[in-house]
Every structure is written in structure tokens, then in C-alpha cells.
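Here the protein sequences line up with chains A and B, keeping their order.
So for the first sequence, the numbering used here puts the first residue at 1; every next one is plus one.
So for the second sequence, the numbering used here puts the first residue at 1001; every next one is plus one.
Think of the hints as simulated: they come from the structure by calculation, not from any bench.
Be careful, since some hints might not be right.
[Claimed, not checked] So, partial list: chain A residues that the calculated Cβ filter (under 8 Å) puts toward chain B:
1) Gly19
2) Arg30
3) Gly34
4) Ala37
5) Gly39
6) Val45
7) Thr49
8) Ile81
9) Val82
10) Arg96
11) Leu103
12) Leu106
13) Val108
No residue lacks a Cβ here, since even glycine has one placed at the ideal position from N, Cα and C.
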Amino acid sequence: MSLLAWLVVIVSQLALVAGQIFLKRAMSRREHRGEKARGWIGLLVIGITTMTVWFLLWLGLMPRIDLSKLMPFEGISPLLIVLGAAAFLHERLNWRGWAGVGLTCLGVVLVSAS
Amino acid sequence: MHDHLPAAALPKPAPGLFWNPYLQIFLTVLLTAAAQILLKVGGNHYVGDNSIWSWLGLAELGSWWTWAGILAFVASFGGWLYALRFLPLGLAFALTNGVHIFVPIGSWLFLGEHIGLLRASGILLIIIGIVFLAQSVAKVEEKV
């Protein structure tokens, strides 16, 4: 994989994590009333835009990179989301949650690589 | 490190089965899987079309199957946003991996695609992973 391809993969995965965090922030803020709820539509739009960037970059990678090389990144995306949610949303998983995330990641890699 | 999700801080959904956020995640997964298959069927109508419109994914918009797929995607996004109001992001996103179970099964049923040993093992791992995730949710809800 070329340096550029690596860069695009990293940016696309960052966009996925950031986009989902923005969506979650938007929907959480929407629950509040009055002043505290302000700006949730802005966050939603940023989230959808960031997800669109991820989608287009990912679509662009598909024909250029062997699927077997690309799919492990698809597999680790839930793990990246859990880490991003821990860092920015202060979410915590118990050991069953971590085991679940690990197993589904591995499963996605196998399904995608086959 | 805390051994629980901050579930107590999350709002409670409206009563009724349809408004259960886990059901909405399940519907999101089913709709996403259906969307993938519908888009594939729509795209299959344009195999051999090497025009620039086909490369940009625009020629495929001429098929009703493609539009049905797009509609299913939009509907799945609604369920996803709803579920995000009530569930932690990490957990909800991990549960959406269920789509990797339904796409191969749907492709086998409707498109006649083959499921090999590797793919079957992957599906099994995802199912076990989702059982673990469900148990982690049950533990959290016991504590709340």
C-alpha cells in the first residue's frame, strides 16, 4: 500500500469516528431543553458531512486497494469508535462489552476477507 | 476504570416495543442489509456499462432497485439516530455489526452467492460477539 493510500485510510477512519461522535453529541444535546439544546442541528449537519467524507473516501479506496488489505480497517472500526467514545464521550465498557467488540471485529474481518 | 456504562445518564425511551432502541438498532441492521442487496441488484442491471455515468454511480440511479436501496439506507439512518439518543455510541455501533450476518445470508438467499467456511466462521464470531454485547447491556441495566 502506498503512503497516499495509508493516509487516505487513516483520514477516512478518523472521519468515521469523528462523524459518529458528532451524531451522538447532536442526539444527546437534543434531549436537553432551552439553552442547553442549542446547536444540536449544527452538530447533526457536521456529523452527516463528516460521515459523507468517510463514505466517499472509502468508496474511492475500494477499486484501488486489494479488498483483503482494506477489510481489516473495516473490522477495527468498532474498536476505534469505542476508543473515541471513551476519549470524547466518557463512555466505559465492562469486560463483556470489550469481549463482544473484539469478537465482532474479528468476525467482520473474516466475513469481509472471504 | 469504571466497570459500567454511564447508562443512568442516558434518557429513557418512550414505552412500547417499537420505541425500544435495541429494536431500532435491529431494524437499522435489517434495513442496511436490505439496502446493500437492493443496491447490488440495481448495479447488476448495468454490468458491462463502462460509461462515465456508471463509474460515478449515476447510471445506476436509472434502476428502481437502486432507489429502493437508497430509501432503505435513509430509513436505516433514522433508526440509528433514534437509537443514539438512548444508547452509548460504542455499544450501539458494535451492535450494527449484525449487518455482516444478514448481508451474506441475504446474498445467499436472494442472489445465490456462496457462503464458504471462512465466511461462516466470521458470521459465527459476530453472533458470539453480539451475545457478549447483549450480556454487557443486561449487566448494566441490572445496576441501573
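To see whether the hints hold, each was checked on the structure:
no., hint, result
1, Gly19, "violated (11 Å)"
2, Arg30, "holds (7 Å)"
3, Gly34, "violated (16 Å)"
4, Ala37, "violated (12 Å)"
5, Gly39, "violated (16 Å)"
6, Val45, "violated (13 Å)"
7, Thr49, "violated (14 Å)"
8, Ile81, "holds (4 Å)"
9, Val82, "holds (4 Å)"
10, Arg96, "holds (4 Å)"
11, Leu103, "holds (3 Å)"
12, Leu106, "holds (5 Å)"
13, Val108, "holds (5 Å)"
When the structure is compared with the earlier hints, violations turn up for hints 1, 3, 4, 5, 6 and 7 and for no others.
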